[in-house]
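As they're listed, the protein sequences go chains A and B.
Using the working numbering, read the first sequence as starting at 1 and increasing by one per residue.
Using the working numbering, read the second sequence as starting at 1 and increasing by one per residue.
The set of hints was computed from the structure by calculation and includes no laboratory data.
Here a beta-carbon is modelled for each residue, glycine too, at the ideal position from N, C-alpha and C.
It cannot be assumed that every hint is accurate.
What the hints assert, rightly or not - Selected chain B positions facing chain A (Cβ under 8 Å, derived; list incomplete):
#1 P46
#2 Q62
#3 D64
#4 P71
#5 L74
#6 H76
#7 E106
#8 G134
#9 G135
#10 F170
#11 L176
#12 V177
#13 L180
#14 L225
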Amino acid sequence: MLTMKRLLSILSLSAACAAALFFSQPARSQWWAPSDGRSLPAYVEYANPSGRIGIVNASGAIETKGHPFFEALGRNGRACVSCHQPADGMSVAVASIVKRWHETKGADPLFAAIDGANCPTLPVADAQSHSLLLERGLFRIPLPWPPVDAAGHRITPEFTLEVVRDPTGCNTDRVYGIAGERHEVSVYRRPRPAANLRYVASARFGVTPFIGKTGALALVDPETGKPVNMNMMADAREATLKTQAQSAAHGHLELARALSPKEVDAIRDFELQLYAAQAFSNGAGVLNEPGGPSGLGPQAMAQGSDGVLGNNTTRFVIPMENKWADLPQGQDAADRERNAFRESVQRGHDVFFFRTFWISDAMHINTVGLGNPIKRTCSTCHGMHMTGMDTANGWMDLGTTNHPWALEPAESPWAKKLPELPLFKITCRADLPPHPFLGRTIYTQDPGRALISGKCEDVGAIVIQQFRGLAARAPYFSNGSAGSLREVVDFYDRRFNIRYTEQEKTDLVNFLSVL
Amino acid sequence: MIQRSHRPMMLLALALAPALVIAAPKPGERLSFVSCPIVRDTRSVPCWLSEHAGELYYLTIQSDVSAEVQPPMLGHQVLVEGVVSDAPQICGGVVLKSVRLSVMPERDANCDTMLPADDRYTIDFNPRPPGPSGGRLAFAPDPGAAKPPPKYEGRQTIEIYFDFDKGVSFRHPADLVSVLERARAIGAKSGSVTGMRGAHRLSDGTLLQESPGIAQRRADEVARLLEGAGLNLPLTTYTADGESEADGVEDWRSRRVTVVLEP
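Construct all of the structure, not just a fragment, from the sequences and the given hints.
This is the structure we're talking about:
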């Protein structure tokens, strides 16, 4: 039996679907400034280089005036929306950041010194001080070192941490450095999309008091005492959307007080009903048309089931039902071009789902009973139905931040580009088992989950991100090291020696661009 | 003179040595050895082998997390325990029954052999293809075969087994949850956690033991996890040494923690 709330939600969603058919033009103003006061409609589209992203408010239009997600609450003038822009799939694209820098001459609160600069000590309004944000879309994430657990108890790490390279100066700073007054380690990460979070926060799959991949204790919801899936943020350090909101308000917004329960509820409720996905592709056309692939478009996200493993041929990660395979030629050149692109998307889906390669030396995938290596596909790791995340406890080391796979500028006397990210040396304790693939000495740009757990085996393990709205929010990977979807594909091709053909790479990029 | 007097013996030894090395393993013979794993690709899923005393043994195939025997890892040696069977060879290897594998923790760069697919070796059973599943885990029980939940009464003894020299891992959430469920069911008032340092009598007679402090570390870790997950009762930790149990018969059982719950 439908509850009134669920019924209203469905009616709102139907309205959003109907609106989608009529309002297929992009919204005029892309950037949302804090305290903007606009209404965020039940359905809205925004342009991006690959087409348009669609945003669905399943509960209906949101009046943002007075809404804590949209209001500047802290002392630096930022709101949540500053870094979670609807036009950018509820993340923030580096192109938008650069545009905002030029429009405001660096005065937008986005560039607040606390984490919008490479280090708070650097001169404000100097582009060099914000180079990581302007070039890679990275915000500084200061974390306590040694780590502390959710109850505030200090954790004794299994490794020592040394700063090998400190291009931002922050990790050796006398205040913000590891040995500084605050005892913080600074890593630099992309903001994750604050949409489709019903999937991200779902506890319907594999949630027990113990983490499925390691057996360690799972985080618990402080309100209910129940374990959570630990799939949020790059390092899974926050248990719930509510604790994340409090932490972000304190850290990113520099809000001196705690958010009120009403404010936290409003942020959580907004995030859980918000969906984002590409709605229109310059190549494939309308993505949410009736009779099309059921997994595409933002309405599909609003209607889909969360907590479902999609790495199987009954649910699929991104259901397409083979609908874009072997399409007719089309009546004219435009038809033929669109159908050819759609067929490429379908082939890209099949590469993602069925093309096997050897997955080797990947911590928390080759170590969970599958063997090393395993002959599998992209969807082995990116298996969550509708999002392409891992289904539960989703951190892995796919090589994005750890040597030898992390992208680094070539070191040579003739190199024009210098390394931008810090480099840490991790030395694991000799009396404990080493990292199974990297041994006891590891070099990393970002120790990832290990900065929270203190575990050697977690060095460089990063929670897998969702695949939706990708076209709206380059660059990719937690450290912004892939500037385009092609670079994402190229990274994996090198990392796992997949040897994709050019056609396979093109098809994969086209597939990713319509999600 | 001495050389001459020994020559017949040496010749005899040389003549026998290859025969000893390549002597076919007898069905029913128990084996316990540490060796590099080998991956052999097939048109379907890869299979896992290991060589010991000149013989190639089949260990398992790739499937998924539901498999009873899960593949080892290249880059590490593997401790193999099993019983030689007379079943037809698989992937070119003698089949071991009741096989138990444990990945050795230290890296070994020599363990890097990957053999290409070879039409002589095919897999005629395939619980799961190399890509997505057909909708269920390879070895998941039939949905209709679900058993009623067990009833727990009285004192409970739960044994939790570990990989060589390793602590709690992906293998253990179900075991730990089982402890919590049993404690709840019997209204446990107290308990004990005994960590054991495993020992193995290998087929060549060598005694292979885990690190000296592993028993205490395992006991402490299990007790801490259970308490952290809400097991609110006094838990006493003990340690034991598995050396006396090491006889080459299922020695993997010595790598364990025993949890006893008292009502």
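So, going through the hints one by one against the coordinates:
Among the interface hints, the one on P46(B) holds; its C-beta lies about 5 Å from the nearest C-beta in chain A, closer than the 8 Å criterion. With 8 Å as the threshold, the beta carbon of Q62(B) comes within range of chain A, its nearest partner Cβ sitting at about 6 Å, so the hint holds. Given the 8 Å rule on beta carbons, the hint for D64(B) holds: about 7 Å separates it from the nearest Cβ of chain A. Below 8 Å, beta-carbon pairs count as interface contacts, and P71(B) has one with chain A at about 3 Å; its hint therefore holds.
The criterion of a C-beta within 8 Å of any C-beta in chain A is met by L74(B), whose closest approach is roughly 6 Å, and the hint holds. At its closest, the beta carbon of H76(B) sits 7 Å from a beta carbon of chain A; the interface hint therefore holds under the 8 Å criterion. For the restraint placing E106(B) at the interface with chain A, the shortest Cβ-Cβ distance is roughly 7 Å, inside the 8 Å limit, so the hint holds. Taking 8 Å as the C-beta cut-off, the interface hint given for G134(B) holds, the closest approach to chain A being about 6 Å.
Look at G135(B): its Cβ gets to within about 4 Å of chain A, closer than 8 Å, so that hint holds up. Proximity of F170(B) to chain A holds as hinted, the smallest CB-CB distance being about 5 Å (cut-off 8 Å). The restraint placing L176(B) at the interface with chain A holds, with a minimum CB-CB distance near 5 Å, inside the 8 Å limit. The criterion of a C-beta within 8 Å of any C-beta in chain A is met by V177(B), whose closest approach is roughly 6 Å, and the hint holds.
With its C-beta approaching chain A no nearer than about 7 Å, L180(B) sits inside the 8 Å limit, and its interface hint holds. With a least beta-carbon distance of about 6 Å to chain A, the hint placing L225(B) at the interface is held under the 8 Å criterion.
When the structure is compared with the earlier hints, no violation turns up for any of them.
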